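S.K.: Sequence:
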Amino acid sequence: MRGRGLRRWRASGEGRAMYALVTVSGRDRPGIVRDLAAALVPLSVSIEDSTMTTLRGRFVVMMWVRAPQGVSFSELAAALAELERQTGLDVHLARAEGADAEVEPPEADLRISVQGADRVGIVHAVAEAIAAEEGSIVDMATRVVHGEPQPRYMMVLDVATSGRREAIAARLDEVGKRLGVQVEVSPIAPAEPL
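Residue numbers for the sequence shown, in the numbering used here: 1259 to 1452.
What the hints contain is simulated information worked out from the structure, not anything from laboratory work.
These figures come from a predicted structure and were not determined experimentally.
We put the CB at the ideal spot given by N, CA and C, even for glycine.
Please note: incorrect hints may appear among the correct ones.
To be verified - If you anchor each label on the Cβ, the simulated ranges turn out as follows: (1) SER1444 to VAL1299: 34 to 42 Å; (2) VAL1378 to MET1320: 20 to 28 Å; (3) VAL1402 to HIS1350: 34 to 42 Å; (4) ASP1286 to ALA1390: 33 to 41 Å; (5) GLY1374 to GLU1333: 48 to 56 Å.
Model the full assembly from the supplied sequences, consistent with the hints where possible.
M.R.: Below, the structure written as structure tokens:
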């Protein structure tokens, strides 16, 4: 919101539930999630999907939210701008338009774990192998673990394979051999309702 120039949205979309992507980052401290939720509750905004993590002392949040009919994008933007002003967090808000508002993400059916000596190009090689077989990375976490004799790189990905598990696994086996990293592939059971 700082210098981001929030876009104005057409009034035609103001009469029904609104969906938006909210991203927040800032120096990690206790109470960030509380503060963020407190900014949304007065508008009856629901957090539908979210992921949160700490990266090198910075807390990062991505949330898919739904505002009820009658709550405008500008009201949500104002509430989040106030949160940003009060807390010093960096907040970005993007409204989902049309059919994008209701799209269900692909369901991951394969977990890939990669580890080995840290080097440039591991993420690219793994992502390239997955994309070459029309796989879609649904979730990914990486970490460099510093130690002797050298830092190690660890990466875990959840992938929607579009039925191409074996082909993706074969390409990743080649990547592992070429880069000298260990690649483990295992199926993920279908998600059960919470």
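S.K.: Are there hints from earlier that the structure breaks, and if so, what are their numbers?
M.R.: 3
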